[in-house]
Amino acid sequence: MRRLLTVLAITAGIATLGLAALGAQSRATATNVPVIPHESVPNFFKLPPGVYTGENMGIATNSRGHIFIFHRSGETRLYEYDEKGTFVKEIGRGNYGFSFAHSVRVDAQDNIWAVDEGTNMVIKFNPEGTKILMTIGRRPDPIQQLTNMPGGGAGTYLNKPYEFARPTDVAFDAQGNVFVADGYDDARVAKYDKNGRFVKSAGTRGNAQGQLNLPHTISADAAGNIYIGDRSNARVQVWDNDLNFKASYNNVGSPWAVCVSGGPHQYLYVSNSWPDSAPAGSVDTTGEIYKMELDGKIVGKFGRAGKALGEFATTHQMDCRNPDIIYTAEINNWRSQKILLKPQAMKPAGQ
Amino acid sequence: MKRTFSFGLGAAAFAFTVALMAQTSAPELAFDTNADLLKLPANTFLGEVAGVATNSKGNILVYTRTGHPYATLGDSRTFYHAGSRLFEFSSNGSFVRELGQDLYGFNAAQGLRIDAQDNIWAIDAGSNQIIKFDTNGAVALVLGRKPETIGVRPAAPRGGATAPATTAAPAVTPTATAAPAGAAGAPATAARGAAIQAALAAARGGRGAGAGAQGSAFSRPTDVAWDRAGNIFIADGIGNNNRIAKFDRDGKFLKSWGQTGAENGQFNGVRSIALDAQGNVYVADAGNKRIQVFDGEGTFKSQITDIGTPQAICISRGATQFIYSAHSGDPDGMVDAAIYKVGLDGKVIGKFGSAGKLPKQFGLVNSIDCRNENELLVGEMINWRIQKVSLRPSR
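From first to last, the protein sequence lines are chains A and B.
Residue numbering for the first sequence follows my numbering, starting at 1 and increasing by one per position.
Residue numbering for the second sequence follows my numbering, starting at 1 and increasing by one per position.
FYI, nobody ran anything at the bench for these hints, they're computed from the structure.
It is possible that part of the hints are untrue.
[To be verified] So the derived list for chain A, only partly shown, Cβ under 7 Å to chain B, looks like this:
| no. | residue |
| --- | --- |
| 1 | G94 |
| 2 | N95 |
| 3 | N159 |
| 4 | V238 |
Quick reminder that beta carbons are idealized off the backbone N, C-alpha and C, glycines included.
Please construct the entire structure, taking both the sequences and the accompanying hints into account.
Pasting the structure below:
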């Protein structure tokens, strides 16, 4: 077998090694948190024979309940499933922006947005996934990029308006403004209007208020506030629509994935994911997912690190359109799960 | 309240920037576009549109950077494959066929032109090749050779003693066999610097130094044009060569002219080339913000300025010929862009369009087809699309 890697995959992989110390996972400091009973739907996602997913990086639903999973397989690929978990089709195969999946989101019009940290691009598909409607960012010039091989890829760290440095996630407000979490190398959130025109960006690397240390995941509430998983600072930051700091929730571990639910009463879900490198001891202190009020009050938690159904091995993204149905994409288990929450059956903490 | 205020500030800054940039007072030309002309098959997508051209039947050909460029591991050396595709559509945008699937030289699409006999010429800045297809889609002529291997930088030495970094880096280093891990070497930064230069030189091809390149040793070539006798003129290019190379119709090298610089007859990034009916050669000299005009033997005649930074040019057909020249003033295609219409005498007739992602906006135009003077096809790098531009006939 010929062993081939894309230029970009090589660089991205090496860059990851070079930044191995992205920050240790933190034990959550919240105490007496009640446990929410939950179960995982067995064999929910059904693939045709011979079709596989790799590292499940992103997951999102549209208004019809269809589920999109963005994953790293032999190539990076985007699959669509119906509301029953049956494979429907593949989207965007071989397009110039797919190299190293990171997240997928669906906006209010059901357009599908893929964030690729290999090509440094955010790609907007129409709801059917048949057309690319917009791209933001630009794939590095393959020829110029030879200068970056095989040493570490050179991030620009310049917070350029239209160039990202390993972007991680995207969110939208009610006006259609686009918020890009950028990322592993830059440390900021960039805001674009609905036509893709740069509005502003905010954030520098650090741990002060409004600073970021790996903005890994982002979500917006109905009022237009954005929730940033500031992963290596072990906190969720809340910024207003103009990217001004509002609040910080630092008692739920290191947020790999955040999700603001749909519905009239919105909740914030935060995953203190089991790190993909599974460092010693982390299996006992990470893996759970928190349900919070938007103001930071913890409602409860569910799940733990592991490979059984209902356990999570590096939850990398969540969908929570319905606050009691959580879809999770996992890196190390190469799977996604449909989680049914039963908050009405909650017992007090410690039981 | 606060939001409105900051938006107002941004808008003011933007307007100021634009005011600084729009120094020429060329009249605005009315135009409309169709940004949704092409219908692609399922799971086929345009990427960056490097070249768009029509043939005499009105069919539209698009050479695009899409799919995945990749470098190999586990070979004796590192090879560069894939990364670009060539599609043909009918004049109404329906998909006709793909040409050159898995072609050895399709790596980094840079341009596309169709000659008077409807042959299709693809220009690739990754393989440093110009590839001619006949109307059946068979390869009819190849100019230049793809570098056998790409110059991957040696890994920086780890630890060990250091040696003076005086050894000049070879122009092309087959690096899979170079510098075993852990070998003592030059200080990492110096070694890296030299290796980067070597890798860049290898990637660019050519002889370096920007003067005297002969034959078909292209260095990121960008465009091709022909005179009535079928002689071939290559814009070469945006690498080290900064020259125009002339070949006869059978691909025999005749001559080349130009080198890096800002004088007449010198270039700073040759982005595009076109000939008029008299055989004069128009060269988009982007870094010097001008189009230079030569006769067919390379003798400098004049230059055209006040058209911004010309990234792509074409010359219309018909009794009175016009130049269209795409200006991109910022690297993102979001701030400063326009397409200029210019007479062959250099007089700017007008301009149209602005930068951005919406229809009627342009994101790094890399190619213009103007077979029909008032119906252009414009290929964009940033927006992964072509736009069909309709202009009102000028009087």
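Verification of the hints:
For G94/A, the shortest C-beta to C-beta distance to chain B is roughly 5 Å, which falls under 7 Å, so the interface hint holds. With 7 Å as the threshold, the beta carbon of N95/A comes within range of chain B, its nearest partner Cβ sitting at about 4 Å, so the hint holds. Hint status for N159/A relative to chain B: violated, with the closest Cβ pair at about 13 Å, above 7 Å. Of the supplied interface hints, the one on V238/A is violated, with its beta-carbon coming no nearer than about 16 Å to a beta-carbon of chain B, more than 7 Å.
Checked against the numbered hints above, the structure violates hints 3 and 4; every other hint is satisfied.
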